[in-house]
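Number of protein chains: 2
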Amino acid sequence: MPQNTTVNRRIVLNARPVGAPTAADFRTEHTPVPTPEAGEVLLRTLYLSLDPYMRGRMGDGASYAAPLAIGDVMLGGTVSRVEVSRHADFKVGALVLGYAGWQDYAVSDGQGLTPLYPDDPHPSRALGVLGMPGFTAYMGLLDIGRPVAGETVVVAAASGAVGSVVGQIAKLMGCYVVGIAGGPDKCRYVIDELGFDFCVDHHADDLPGHLAAACPKGIDVYFENVGGAVFDAVLPLLNTRARIPVCGLIAGYNATELPPGPDRLGLLAGTLLRKRIRMQGFIVFDDYGPRWSEFAGAMGTWVQQDKVKVREDLVFGLGNAPEAFIGLLEGKNFGKLVIQVAHE
Amino acid sequence: MPQNTTVNRRIVLNARPVGAPTAADFRTEHTPVPTPEAGEVLLRTLYLSLDPYMRGRMGDGASYAAPLAIGDVMLGGTVSRVEVSRHADFKVGALVLGYAGWQDYAVSDGQGLTPLYPDDPHPSRALGVLGMPGFTAYMGLLDIGRPVAGETVVVAAASGAVGSVVGQIAKLMGCYVVGIAGGPDKCRYVIDELGFDFCVDHHADDLPGHLAAACPKGIDVYFENVGGAVFDAVLPLLNTRARIPVCGLIAGYNATELPPGPDRLGLLAGTLLRKRIRMQGFIVFDDYGPRWSEFAGAMGTWVQQDKVKVREDLVFGLGNAPEAFIGLLEGKNFGKLVIQVAHE
Chain A
5 MPQNTTVNRR IVLNARPVGA PTAADFRTEH TPVPTPEAGE VLLRTLYLSL
55 DPYMRGRMGD GASYAAPLAI GDVMLGGTVS RVEVSRHADF KVGALVLGYA
105 GWQDYAVSDG QGLTPLYPDD PHPSRALGVL GMPGFTAYMG LLDIGRPVAG
155 ETVVVAAASG AVGSVVGQIA KLMGCYVVGI AGGPDKCRYV IDELGFDFCV
205 DHHADDLPGH LAAACPKGID VYFENVGGAV FDAVLPLLNT RARIPVCGLI
255 AGYNATELPP GPDRLGLLAG TLLRKRIRMQ GFIVFDDYGP RWSEFAGAMG
305 TWVQQDKVKV REDLVFGLGN APEAFIGLLE GKNFGKLVIQ VAHE
Chain B
5 MPQNTTVNRR IVLNARPVGA PTAADFRTEH TPVPTPEAGE VLLRTLYLSL
55 DPYMRGRMGD GASYAAPLAI GDVMLGGTVS RVEVSRHADF KVGALVLGYA
105 GWQDYAVSDG QGLTPLYPDD PHPSRALGVL GMPGFTAYMG LLDIGRPVAG
155 ETVVVAAASG AVGSVVGQIA KLMGCYVVGI AGGPDKCRYV IDELGFDFCV
205 DHHADDLPGH LAAACPKGID VYFENVGGAV FDAVLPLLNT RARIPVCGLI
255 AGYNATELPP GPDRLGLLAG TLLRKRIRMQ GFIVFDDYGP RWSEFAGAMG
305 TWVQQDKVKV REDLVFGLGN APEAFIGLLE GKNFGKLVIQ VAHE
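Sequence lines, in order, name chains A and B.
Once you know that position 199 of the first sequence is 203 in the numbering used here, the rest is easy, because the numbers rise by one and skip nothing.
Once you know that position 78 of the second sequence is 82 in the numbering used here, the rest is easy, because the numbers rise by one and skip nothing.
Don't take every hint at face value.
[Said to hold, decoys possible] Pairs of lysine-lysine, DSSO-like flavour, derived with a Cα cap of 30 Å:
#, chain 1, residue 1, chain 2, residue 2
1, B, LYS279, A, LYS279
2, A, LYS279, B, LYS336
3, B, LYS175, B, LYS336
4, A, LYS279, A, LYS336
5, B, LYS221, B, LYS175
6, A, LYS336, A, LYS175
7, B, LYS279, B, LYS221
8, A, LYS279, A, LYS175
9, A, LYS336, B, LYS279
The set of hints was computed from the structure by calculation and includes no laboratory data.
Bear in mind that the values here come from a model prediction, so they are computed numbers and not experimental data.
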């Protein structure tokens, strides 16, 4: 059923995935469009952000936030237009950044909504380079990674929402930047468009060998958003005093059990010790919330000056969100994955 | 052969240990006492420090410093008396801190020697609480661990040279401090003498259960100098934003291969991510050399005021160094292990 003005389509968690999510783990429901009370607004979703962290919320295991309940609307950052306003701070037609989730309409009391500029030509960027993924790249690289000009910075998922920004900031800092991406098209883009010094295709054989060849001086900063085989290739190349900001481990999100041995937990700890490495996880809004305006100022300038380039993987139609999300976990997206739910 | 003034006994690396070192990995040699040239001094070793890091130098695997060669004198920090001086800065009879290693005599050009106060009543403490182990405890806890009053700090090898100091500083910072030590005598000492709030005996069954019971609010700082089963017990108790300074992993130093699976490397990385944990290795003189005087001032005051208590495990006789060192790796020492090589 296409979007209309009386029915709210919403996609809910139908079942907890076992391994990779499948279409059956999602369910589309149709409900009446809600009516805002006094002090509330009705929001119409224009853009929905799809991000790897959502996989964690679909399970019931340990994560950094409470899991969704079965039947809950899938969560997600959104750019929405105010359709009806009974709230003094929001005018009809205004664009806001919020967390309406995977649905056409939502009611809000204004808490957690951030107004966007009315004439913003690219409002969906508030879900990417100018939003959570860009903030993640900025704080993780600069506050934990602390790159110094001339150092080697390696970033996986290099054409993705976070990795693409990490690498471009590292180039601005004067670093030698090596990306890791899946396939020749992404690698070409990472070098030719984003300006990385090198890109290793993890679809090719011998990732460890290619990465070693690409990093003749070892690795000073590894921005970790992947884990798995990529981290295995990075580990022996880490230099003394390397820094590893950890913002994601997408390679393991669909895992149902620990991989077979040997147990390398002690090997990792021993590497951190011998090489005096700092490895630190972070959740950007929890750890760096007060530095948002610093980020927004710096990144806004870089994007405006084309020093940080942006690529969106825009998929039209809320109904395509499950398939697009499943593909995201497999690395099928090329750039920041955004669902266009309605035309602006 | 006892010490005399014409023969230098020295203990050299005879063979690289496979697993735990044995007496056969060491060899005692007798050589003429060396003669200092102009600009040099002859040092007589009074105290020799034995520390777990020496195990790493005996192997030829990756460590944070070059390994010893077969036949090299075993390395180690020493307090020595100047026996002969042809160096303007050192008088005969002066006590100096240096790295003469496992031998009676050594010649030095003065590089790396630190004079001790002539009337120091406890010169061997320069090898422990007022030396490298104390500095390690101080910087690792304060700069990486960053304990805040009321937080829970856990330290393993709690009666040892580093752990005992970590816990006492954490108490001075107002933390709730839980030690882990081997056996009831050490645990009693850690609580009654050092003032820790609790101590878990890792010789008893169910370390994970006892540690969990001792840390009802979880763990905010874990000072890692052990690894192995202790870290396994710590891992699930770590709080959000916990800090893990890593200064040693003694439980694994004698390992000849990785333990069997499953592979928990990704589990550790995932825990760092979800709980936003900082885990960082450090080698104190490499990473914090410029802060030595800050440490020396603070620790000297604390020791003088009896706010940090000191226990040495003093073993007499250079010939006993191999057995004492082998015991150190098994946790047989009780306090800072020091070989008294000669009377003052």
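Hint check:
Distance restraint check for B/LYS279 and A/LYS279: the Cα-Cα separation of roughly 23 Å lies within the 30 Å cut-off, and the hinted pair is therefore satisfied. Pair hint A/LYS279 plus B/LYS336 holds up; C-alpha atoms about 28 Å apart against a cutoff of 30 Å. Proposed proximity of B/LYS175 and B/LYS336 is supported: the alpha carbons are some 25 Å apart, at most 30 Å. In summary, the hint linking A/LYS279 to A/LYS336 is not supported, as the alpha carbons are separated by about 35 Å, beyond the 30 Å threshold.
Distance hint between B/LYS221 and B/LYS175 is fulfilled; the C-alpha atoms sit about 17 Å from each other, no more than 30 Å. A C-alpha spacing of about 25 Å is found between A/LYS336 and A/LYS175, which places the hinted pair at or below 30 Å, so the restraint holds. Between B/LYS279 and B/LYS221, the direct Cα distance comes to roughly 15 Å. Compliance with the 30 Å bound is thereby established for this hinted pair. Between A/LYS279 and A/LYS175, the direct Cα distance comes to roughly 25 Å. Compliance with the 30 Å bound is thereby established for this hinted pair.
The straight-line distance between the Cα atoms of A/LYS336 and B/LYS279 is roughly 28 Å, inside the 30 Å bound, and the hint therefore holds.
In the structure shown, a violation is registered for the earlier hint numbered 4 alone.
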